[in-house]
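K.L.:
Guided by the hints, dock chains B, C and D onto chain A, whose structure is given.
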Amino acid sequence: MFKKILIANRGEIALRVIRACRELGIRTVAIHSDVDAKSLHVRYADEHVCVGPAEGGLSYRNIPNVLSSAEITGVDAIHPGYGFLAENAHFAEVCESIGITFIGPSSEHIALLSDKSKARAHMKKRGIPVLPGSEGEIHDLKEGLVIAKRLGFPVIVKASAGGGGRGMRVVWEESELLQALESSQLEAQNAFGHGGVYIERFFEDPRHIEFQVLADHYGHVVHFHERDCSIQRRYQKVLEESPSPALDDALRRKMGQAAVEAIKSVKYRNAGTVEFLLDQKGRFYFMEVNTRIQVEHPVTEMVTGIDLIKEQIRVAAGQELPYRQKDIHLTGHAIECRINAECPDKLTPSPGTVTKFHLPGGPGIRVDTAMDINGVVHPYYDSMIAKLIGYGRDRQEAMARVRRALDEFEIEGIKTSIPLHRRILDNPDFQKGPVSTRFLDRLLTLHST
Amino acid sequence: MFKKILIANRGEIALRVIRACRELGIRTVAIHSDVDAKSLHVRYADEHVCVGPAEGGLSYRNIPNVLSSAEITGVDAIHPGYGFLAENAHFAEVCESIGITFIGPSSEHIALLSDKSKARAHMKKRGIPVLPGSEGEIHDLKEGLVIAKRLGFPVIVKASAGGGGRGMRVVWEESELLQALESSQLEAQNAFGHGGVYIERFFEDPRHIEFQVLADHYGHVVHFHERDCSIQRRYQKVLEESPSPALDDALRRKMGQAAVEAIKSVKYRNAGTVEFLLDQKGRFYFMEVNTRIQVEHPVTEMVTGIDLIKEQIRVAAGQELPYRQKDIHLTGHAIECRINAECPDKLTPSPGTVTKFHLPGGPGIRVDTAMDINGVVHPYYDSMIAKLIGYGRDRQEAMARVRRALDEFEIEGIKTSIPLHRRILDNPDFQKGPVSTRFLDRLLTLHST
Amino acid sequence: MADSSRKEIEDLVELLNRYHLTELEVEKKGVRVRVRRDAAPAVSAPVAEPSFTLEAASPSPLLHSSGLPADLGQFLTVSSPIVGTFYRASSPDASPYVEEGDIVKKGQVLCIVEAMKLMNEIEAEADGRIVKILVESTTPVEFGQPLFLIDPQVSA
Amino acid sequence: MADSSRKEIEDLVELLNRYHLTELEVEKKGVRVRVRRDAAPAVSAPVAEPSFTLEAASPSPLLHSSGLPADLGQFLTVSSPIVGTFYRASSPDASPYVEEGDIVKKGQVLCIVEAMKLMNEIEAEADGRIVKILVESTTPVEFGQPLFLIDPQVSA
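Chains as they are written, first to last, in the working numbering: chain A, 1 to 449; chain B, 1 to 449; chain C, 1 to 156; chain D, 1 to 156.
Excised from the complex, chain A in its bound form (with noise of 0.2 Å):
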């Protein structure tokens, strides 16, 4: 096992991976920005080393500096979290070069993975169900209409090189689909300087449906089950919960086979997770798999028992996985709410100094964060302040304790996202059980009209 790990983040992962490693009996080492050395982060860990000034890329993402402290503080690993340089090829090979285990999968599995086409194309070859639509981009008019008719309208144009709803258009008919390529290509061309495009089917009314997967280096891959991620606001997740309400134990063993085929196929090895759309007739298409671990993983570790830093540790120090498919048990619902600095309503962050921070507690609440009272959300970095994670024997009760949890988390001098929680969990949808991407959007939008 390690004796020392360094941990290339900040925020709530940071402490989260330090948590794991206390409790293994890891020595940790926090890195950080100058405006961050008093964070919870810092103070938590045995060491910890300034790695530039407040710009992520200038500090966190600083891969000389990063590496110079693994070296100068002589540890064994490094874990990534998420962001940063936690999906980053060429770091995680440099990493490697060093004689330095970088707690992930290995540097050609991320460049293998983070091509989605390359990706999709992979799965597709192996028969795992990928989205509908053309292979590679599409070039005129002429041959996006053969494949547009093929797929049945609506489809969507999306750009190659495009996140974050840029460069996407939908088309409902065929008469739409020359305006709709032109602006597409326009759009991507001026937002990413690649005006490729390509088209998929459109699905109207499609569910976020994750499944968790742990693979060790002797073969053996388990997955922890699904997580509903469907609660999005601009394709931003905001609230993820497992079980889904939309999946029964046949469809969840399906897709949770799919999810290990995957896997298996590339040889993968860490966690991961293996991204399904889910379309309201039960039909599930991979989308494509995040090689690191989630902000959303700890929902997960409450319906499954299994600390999955812990096993990434573990895991990447070559041990064996200790246990098979059929010991993986979901028990009980867990529901994680994002608590962001940032006003209502609205997407503006809220940077500022934090004057009260009262968290919630008693049965069922875990809060994961490294925000403490006098501390600072900076405008340098996200905006998730703490992570609030409600669990109970079912849905109703995870429902309910997470509800009264949002009532008591009190935080003063800067603005949160609780409020929109609460609307959320108040809604009678909601409440029901499955809705699809596009709920909170609708919602939104109801309000501010």
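No lab work stands behind these hints: they were computed from the structure. Worth double-checking, as some hints may not be accurate.
[Stated by the list, open to error] Here are the computed distance ranges between Cβ atoms for each label pair:
| hint | chain 1 | residue 1 | chain 2 | residue 2 | range |
| --- | --- | --- | --- | --- | --- |
| 1 | B | Thr331 | A | Asp140 | 54 to 64 Å |
| 2 | A | Asp394 | B | Lys149 | 56 to 66 Å |
| 3 | C | Glu121 | B | Gln319 | 42 to 52 Å |
| 4 | B | Thr331 | A | His90 | 35 to 45 Å |
| 5 | A | Arg438 | B | Thr331 | 35 to 45 Å |
| 6 | B | Arg393 | A | Ser265 | 26 to 36 Å |
| 7 | A | Gly25 | D | Ser137 | 25 to 35 Å |
| 8 | A | Cys343 | B | Tyr235 | 47 to 57 Å |
Even glycine gets a Cβ: it sits at the ideal position worked out from N, Cα and C.
P.N.:
Frame of chain A; chains B, C and D shown alone:
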């Protein structure tokens, strides 16, 4: 179901009940003494009534004021928590007479079971093993000698009216018995105004094992397995865990059956705890029934996934238990540390104002507390300010999590028992497994010499 | 207590402060103000912030500064010693025990606080004039809640 | 940073304060001290509390108040722009680039910070005299850690 519940308590247990009520959609009324006006249990209740000055006897134990508060706020039920009026048969009786549900057993059950000699006689008649000893009080040396010889030395002389260790004498051989009887009688007479004593077999290294039970109004009784409360300091519980490292499945089943039988034999209802003494040879003896929810109930909630306070409320409202014994499973391991405001290694309380209160968090950690920054520890009440509960897949993980959470828990302005808990968790004997109720006193004696 | 009543109590506190109370402690959002004047006569002031939150309770007609005599620091507060329901009269048909402006004797019954069907008579602790009745009849009251202001310097 | 080093930095701060810095902000355990003197020249002071906790790091021989010239406010701090290991010489056998008391020119190499097997030369940002070398050779340094104090008013 009830519409509104008054919580006749303060501190963490009052907040615990408020949380359960919120999750059930029941309105809450807090009562408080004048010095507690700003306590968290007051802040989080829907309504609150000041019932008297600081001293508990004039406020939280003031039956007329508590019941008037219930009347003027129009509640359906009263939850007594633990301590104060929780085991006051008269209070339960008055509640019954004015048509307010007392969330707990009937006044008759409280009366029967709070008289330890009656309860002992009752259980013995039913074939439940009780501690070997005299039938009632000992009046002279001759009578004592007969019994002591029958029991075999060592024996213990106890005051009938005793408590907290006073009036107790361990007798190792025949020649010591006379002096022990006399001094015990004298001490009991001085301390309690009643000099009656009796004799029991003395167990040198017993374990304190208790079973949580729940009975509805329809004759259904289930137990939620055991709690090991052997970590005590001068007869006060300090740290509790479930399951007990001293029990195997066969013994667990046997003791659980005895606990259910004890409860069924008196037609008990609502939550209760059957306490047993377990000797080094795996023999167990009924000690008493606690007719209330207990401080240490969270460890049972963690390993069974069942919210005992909500169950208490449901059962009191006349609902049938929705599960049977076979549905109650033990999963994982939980440890609770009672965090007291006290000077470490001493028993002296440490009242004052809390100037920093940083809660631990992350996976497997639950904190039940009504303390907060700027909160005041009053000298009038119990010194317990928080319960830190750690849950893990096994005892090893639970210990590791509690241990790291103790390091995260930052409290300033008062002294706490956190260092004491660190010492317990770092002790190899404790880490290895079962210890006796004398473990902690021995540990502290070693330290002080 | 309703917000409007709370506001009025704060006005009262301000006035008490102005008119030379022996001791006054106000704590709010971490700021504690403590005023003391040792030469003045002892006054029983409410010790804790009244925190009764019965939604059914209508705002008590607490005193307004405009209607107050100048020497407020001299007044005695009669507080409820128990939790119950405040009645100004012995029965719905009877006339109230006292009205504002009445001169009362020490030991005279001022009101009833009913608790558990028992009628508890609350008596004046000193001779004086009823300056203000702070709670409406049939209103629930908690321990320590101020009921009357009495001016002890005016006696029959 | 080891406790003894931290203590010395606090001494330094105290001195800087005594000798008329334009601005100084010290925050510790909720107490914030801010000192400002507008007439003095700008000085680059360490912005963040040095927080390096390498156990292996021996206490740096930071300046002692006794050895300091009076006009401390005038000094420039040369900080490490990267994370790495500080070397005063180009090789174990070579003599150090500079010694305390040396006069240096802007652009002159003062030390090496080695990171990932690369030797990064750190140069003087201004002409002046080396007043103090704050870190021992072969010691790890973090971003922003002060390495030298230079008195820019003394030049060759």
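K.L.:
Hint numbers the structure violates, sorted upward?
P.N.:
Per hint list: zero violations.
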